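For the first sequence, the working numbering begins at 98 and goes up steadily by one.
Bear in mind the hints are in silico, worked out from the structure with no lab data behind them.
Values in this document were obtained by computation on a predicted structure and should not be read as measured data.
Misleading hints may appear alongside valid ones.
Unchecked claim - EDC-like cross-link-like pairs, simulated, lysine to aspartate or glutamate; straight-line CA separation at most 20 Å:
1) Lys-369 - Asp-325
2) Lys-149 - Asp-159
3) Lys-188 - Glu-157
4) Lys-498 - Asp-473
5) Lys-144 - Asp-178
6) Lys-498 - Glu-468
7) Lys-149 - Glu-165
8) Lys-498 - Glu-529
9) Lys-223 - Asp-266
10) Lys-383 - Glu-529
11) Lys-519 - Asp-448
12) Lys-383 - Asp-184
13) Lys-279 - Glu-213
14) Lys-519 - Glu-509
15) Lys-216 - Glu-157
16) Lys-383 - Glu-499
17) Lys-511 - Glu-501
18) Lys-223 - Asp-424
19) Lys-149 - Glu-239
20) Lys-511 - Glu-529
21) Lys-398 - Glu-265
22) Lys-526 - Glu-456
23) Lys-461 - Asp-476
24) Lys-519 - Glu-460
25) Lys-483 - Glu-110
26) Lys-369 - Asp-382
27) Lys-483 - Glu-457
28) Lys-370 - Glu-315
29) Lys-447 - Glu-509
30) Lys-370 - Glu-265
31) Lys-483 - Glu-514
32) Lys-461 - Glu-449
33) Lys-370 - Glu-457
34) Lys-279 - Asp-159
35) Lys-144 - Glu-456
36) Lys-188 - Glu-239
37) Lys-280 - Glu-157
38) Lys-155 - Glu-265
39) Lys-498 - Glu-514
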Amino acid sequence: MRRSRAFIPTTKEAPSEATLPSHQFLIRAGFINQQGAGLYNFMPLGKIVLEKIRAIVKEELDRAGCSEVQLSFVTPIGLWDRSGRSDTMGKEMLRISDRHQNEFVLSPTNEEAIVELVKNRVTSYKDLPLNLYQINTKFRDEARPRYGLLRGREFLMKDGYSFHASTEDMIREFNLMEETYKKIFTRLGLDFRVVAADSGAIGGTGSKEFHVLADSGEDTIVICDACDYGANIETIFESEEEIDALNEMSYEELQIKSIDEKCSCGGNLSFKKGIEVGHIFQLGDKYSSALEANFNDENGKPRPFEMATFGIGVSRLVASVIEQNHDENGCIWTKATAPYMVNIMISNIKDEAQTALGEELYEKLQTSHVEVMLDDRKDRFGFKMKDAELIGFPYTIIIGKELENGLVQIFERKTKENISVKTEDIYSKIMELI
RNA sequence: CGGGGUGUAGCUCAGUAUGGUUAGAGUACCUGGUUUGGGACCAGGGGGCCGAAGGUUCGAGUCCUUUCACCCCGACCA
């Protein structure tokens with residue numbers, strides 16, 4: 098992409114309502130803009146990142162044997178009446194009416210829809226297990242949306258549902274998804290922890306959350322430095338008072354509390370702030386029983402499906418990458434999430450030698466299927482560098498005044514290091530780095 | 001859903017206590033020129049239903065009423 102032709106409206110100042118780094122930088126760098134409370138538009142850069150994350154999620158799930166579907170976003174209210182959630186979920190569900198005054202709900206989640214879909218189509222234990230997922234828009238009418246993409250009302254989420262003939266098989270799938278999620282978050286380049294979680298109102302026997310470690314996280318988790326124990330503090334402390342008193346709680350008390358739970362390896366425990374980007378649940382037959390979704394077992398007897406459910410906040414991940422990876426100058430995208438891997442900056446567009454080399458490299462990298470931006474704007478060096486840092490390209494090739502000496506520079510966003518490379522070596526060097 | 005706050009140029013914000021020329025600044029944008037290694041400089045220019053509706057007044061960005069939107073703290077958040 099040529100920067101001169103791109104739609105990337107960057108600004109020097111952040112809108113006053115943005116308080117978190119991810120919110121400020123994603124807006125300042127022209128990735129997203131706010132449409133209303135908890136509603137965001139994705140501009141070209143934001144859309145690219147969103148699609149990259151979506152593609153990685155899809156790839157790993159497909160590899161693990163899941164099948165992608167797409168459920169309708171607008172759902173008849175009757176679906177929610179049958180499960181009782183039109184009452185229990187209350188105002189979180191946004192209700193709308195059509196021209197016939199029929200009531201509908203914008204899907205906040207899709208347990209009911211998926212059970213209805215599978216019910217009476219999968220009727221034998223021989224057809225199990227089955228794991229279906231979608232990556233689709235959700236709408237939850239949060240009482241107070243905030244923090245940009247981290248807590249929007251409309252958001253992109255991957256939601257998966259599995260069906261099994263036995264609890265053992267359901268647990269097998271649950272463990273498979275835990276491993277699959279680890280692969281996904283690792284590929285995205287994130288520092289994350291898996292923690293025991295509160296099963297909450299959805300019920301079920303087990304649940305785990307995946308947290309991206311970041312100071313701005315809304316959740317507090319306890320992790321052990323010696324084993325893989327981790328837990329959301331909600332599972333350790335029963336009352337609000339205890340959580341409020343957390344700061345005064347002594348280290349020993351925490352240690353004892355946690356040992357009582359699961360960690361007895363003797364390692365050091367510490368508190369961390371986390372952003373919940375994934376959550377997996379063992380559902381059991383809660384929904385299949387309620388909606389009378391049965392299969393026939395080996396003896397021909399009808400039994401409700403054993404189910405599990407798996408979620409990943411895809412649009413939340415976009416913000417999470419930046420919460421974990423930024424500095425005072427802007428975004429630092431991981432290699433897997435960067436909208437463009439390489440930014441070629443022509444320092445002075447009037448300099449014919451610089452422009453010629455820039456164009457040549459641009460063609461060559463594109464031919465090699467490298468995602469590359471060519472900054473061919475008329476602006477000055479400093480302006481273009483600030484812009485590149487704000488956006489957060491992993492590498493910027495600077496074609497500037499050193500070209501006279503046969504040298505160009507590679508600026509690495511993460512380390513802010515500049516290395517000089519001979520012009521004839523630049524292509525091989527950048528291919529080696531990315 | 002309780003409590004608090006803010007709506008003025010694309011963006012960040014003055015101006016509103018005490019109503020009174022043609023509503024301002026910075027930034028961004030356009031034109032010309034000078035510049036070209038860290039968000040440049042000079043000159044000129046365009047851009048506003050002062051969130052919306054109603055009211056008070058000779059006169060409203062400013063006062064009153066209604067309403068909409070957004071933000072912050074809290075509660076809530078499979």
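Checked hints:
no.	hint	result
1	Lys-369 - Asp-325	14 Å, holds
2	Lys-149 - Asp-159	15 Å, holds
3	Lys-188 - Glu-157	34 Å, violated
4	Lys-498 - Asp-473	16 Å, holds
5	Lys-144 - Asp-178	35 Å, violated
6	Lys-498 - Glu-468	25 Å, violated
7	Lys-149 - Glu-165	17 Å, holds
8	Lys-498 - Glu-529	24 Å, violated
9	Lys-223 - Asp-266	13 Å, holds
10	Lys-383 - Glu-529	52 Å, violated
11	Lys-519 - Asp-448	18 Å, holds
12	Lys-383 - Asp-184	17 Å, holds
13	Lys-279 - Glu-213	30 Å, violated
14	Lys-519 - Glu-509	17 Å, holds
15	Lys-216 - Glu-157	26 Å, violated
16	Lys-383 - Glu-499	68 Å, violated
17	Lys-511 - Glu-501	27 Å, violated
18	Lys-223 - Asp-424	53 Å, violated
19	Lys-149 - Glu-239	27 Å, violated
20	Lys-511 - Glu-529	17 Å, holds
21	Lys-398 - Glu-265	19 Å, holds
22	Lys-526 - Glu-456	17 Å, holds
23	Lys-461 - Asp-476	24 Å, violated
24	Lys-519 - Glu-460	19 Å, holds
25	Lys-483 - Glu-110	13 Å, holds
26	Lys-369 - Asp-382	34 Å, violated
27	Lys-483 - Glu-457	24 Å, violated
28	Lys-370 - Glu-315	7 Å, holds
29	Lys-447 - Glu-509	25 Å, violated
30	Lys-370 - Glu-265	33 Å, violated
31	Lys-483 - Glu-514	15 Å, holds
32	Lys-461 - Glu-449	18 Å, holds
33	Lys-370 - Glu-457	46 Å, violated
34	Lys-279 - Asp-159	15 Å, holds
35	Lys-144 - Glu-456	26 Å, violated
36	Lys-188 - Glu-239	8 Å, holds
37	Lys-280 - Glu-157	7 Å, holds
38	Lys-155 - Glu-265	25 Å, violated
39	Lys-498 - Glu-514	18 Å, holds
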